[in-house]
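Engineer: So the chains spell out like this:
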Amino acid sequence: MTALLQVEGLSVHYGGIEAVTGLDLEVRQGERVTLIGANGAGKSSTLKALAGLVVPSAGSIRYDGVDLRTVPAWQRVGRGLSLVPEGRGVFSRLSVEENLLMGAYHRNGATGLYEELERVYGLFTRLHERRHQAAGTLSGGEQQMLAIGRALMAAPRLLMLDEPSMGLAPLMVERIFEVIRNIAEAGVTLLLVEQNARLALEICDRAYVMESGRIVLTDSAARCLDNPLVRSAYLG
Amino acid sequence: MDTFLQQLINGITLGSIYALVALGYTMVYGILELINFAHGEVLMVGALVALTVIQGLTGWGWPAPLAVLVAVLAAMVVCMTLGLAIERVAYRPLRRAPKLAPLITAIGLSIVLQQVAALIWGRGYLSFPAVLPPVSVVWGGVIITAIQGAIIVLAALIMAGLLVLVQKTALGRAMRATAQNPAVAQLMGVNTDRIIAWTFVIGSGLAAVAGVMVAAYYGVGNYTMGFMLGLKAFTAAVLGGIGNLAGAMLGGLLLGVVEALGAGYIGDLTGDFFGSNYKDVFAFMVLIGVLVFHPNGLLGSRAREKV
Chain A
1 MTALLQVEGL SVHYGGIEAV TGLDLEVRQG ERVTLIGANG AGKSSTLKAL
51 AGLVVPSAGS IRYDGVDLRT VPAWQRVGRG LSLVPEGRGV FSRLSVEENL
101 LMGAYHRNGA TGLYEELERV YGLFTRLHER RHQAAGTLSG GEQQMLAIGR
151 ALMAAPRLLM LDEPSMGLAP LMVERIFEVI RNIAEAGVTL LLVEQNARLA
201 LEICDRAYVM ESGRIVLTDS AARCLDNPLV RSAYLG
Chain B
1 MDTFLQQLIN GITLGSIYAL VALGYTMVYG ILELINFAHG EVLMVGALVA
51 LTVIQGLTGW GWPAPLAVLV AVLAAMVVCM TLGLAIERVA YRPLRRAPKL
101 APLITAIGLS IVLQQVAALI WGRGYLSFPA VLPPVSVVWG GVIITAIQGA
151 IIVLAALIMA GLLVLVQKTA LGRAMRATAQ NPAVAQLMGV NTDRIIAWTF
201 VIGSGLAAVA GVMVAAYYGV GNYTMGFMLG LKAFTAAVLG GIGNLAGAML
251 GGLLLGVVEA LGAGYIGDLT GDFFGSNYKD VFAFMVLIGV LVFHPNGLLG
301 SRAREKV
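Same order as they appear, the protein sequences are chains A and B.
The first sequence begins at 1 in this note's numbering and counts up by one.
The second sequence begins at 1 in this note's numbering and counts up by one.
Bound-form chain A, shown alone (with noise of 0.2 Å):
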């Protein structure tokens, strides 16, 4: 099967500062793949550089077949190709509801967009309820219910999240994650950036393991459960 997502030699720079390194990663279509690695390791940037917010300064992007790096970052979404932002983005002056609106801003006017937003509704009955409060009023965990089902909103093909467990208690990191494998079960192909590995391997197939802007190590997740070098450094 032909890889949905392919990073070839992908690095990343800020000013100076190099980020990501060289980094080969490849996503195909319906699996669960995991990137792993501690803070500041590039896990993000990786991911600013495949939804198109920072531009790559070298490798390639390959995404269905197409060449991203022509692709500005508000057309990706369009291809399927959605992104839950580190720190959820949420307007927070927007509501509820105008937040999952602007989700499917970019097939504005398509039919069942309501159907969709009561899909979202039925996922999250917490946002039905508050639909008409601000985004910002929302607690953590409500947000990041929000910023999800906003990219549901999108219809994405490759939904790439990005540390969604960050700043949650263990129980709303619970269902925040049965939230993602149902996600994954319906057939989305998702790119799953963590800090808490344990979660993350275990709902996903596969995983990279990140270190100072390089893939130090890759392998089946089940796999990477069992390495010593991974349980160490990552598992505690």
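To be clear, the hints were calculated from the coordinates, so they are not data collected in a lab.
Hints may be right or wrong, so weigh each one.
Claimed, not checked - Label-pair ranges, simulated between beta-carbon atoms:
| # | chain 1 | residue 1 | chain 2 | residue 2 | range |
| --- | --- | --- | --- | --- | --- |
| 1 | B | Val-153 | A | Pro-72 | 40 to 46 Å |
| 2 | A | Gly-78 | B | Val-153 | 41 to 47 Å |
| 3 | B | Ala-101 | A | Glu-185 | 49 to 55 Å |
Every value quoted in this text rests on a predicted model; they were computed, and no experiment measured them.
Cβ coordinates follow ideal geometry from the N, Cα and C atoms, glycine included.
Keeping the supplied structure of chain A fixed, place chain B upon it in accordance with the hints.
Structural biologist: For chain B alone, kept in the frame of chain A given last:
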């Protein structure tokens, strides 16, 4: 009491115009955190274009109402194009530059536009033809002229339309999303450059209408007319809380009313020591007063969170 009501009407008229212009400042600030100091000059261009078109058309014997309509549309088209060009040429290349660079560009642009206007229209005061019949409604001792009524009603309609656009449409949602977090807006598929361009186009359209209103109200147009008006409208925007649409409307109306009341009463209050020509002082006194006690303006949020 009659003086009070009369000055209130005059103030609301003036304030409606300030509000329209203030909206242009506040929309651009909300999305780019840039004070577009060339905005007043866009208004001036709109006024002078309309003036020329009306003179030409009535000269050819067109009926006045039709000439005014065409003139307003012409002013809007010219100003929207100008706004689009300003954003594209002067501000977009500086999108990632330090904040001072576009600010200085804005001031430079303002001077350039004034001088170009001076070359086209000359430096004299051009009289704006009296297009509306000099009829007025007299109610008690208060006089509302046709032009005042037209300005107030039209401004109210335009502002209501703008609120609907910003609050209820997908374009408006995208504008607000871009203002709050441009990077995430892009992730949602928003072409933020296009949204920013739209913001300039809409603001410039409002300025064009306001320019025609001012020129028609005072009966004159001049290449420097945008400066003071722009400054007042900017004051109104800050007064209401810059970046906030309702704030710009409120600030504009408030400023107009304060100024008119100030002009009406300053002579009585100071034993004719100061005349109504000091009315401009009021605008800035109000600004200072509000900013001392409420630094973010009347409706401004306390701190703009930038995620």
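Engineer: Look at the Cβ atoms of B:Val-153 and A:Pro-72 and judge whether their distance stays inside 40 to 46 Å.
Structural biologist: Taking Cβ atoms as reference, B:Val-153 and A:Pro-72 lie about 43 Å apart, which means the hint holds.
Engineer: Given a hint of 49 to 55 Å, does the C-beta separation of B:Ala-101 and A:Glu-185 actually sit inside it?
Structural biologist: Check passed, 51 Å falls within 49 to 55 Å.
Engineer: Holds or violated: the 41 to 47 Å window for the beta-carbon distance between A:Gly-78 and B:Val-153?
Structural biologist: holds, 42 Å
Against the hints set out earlier in the document, no violation occurs for any number.
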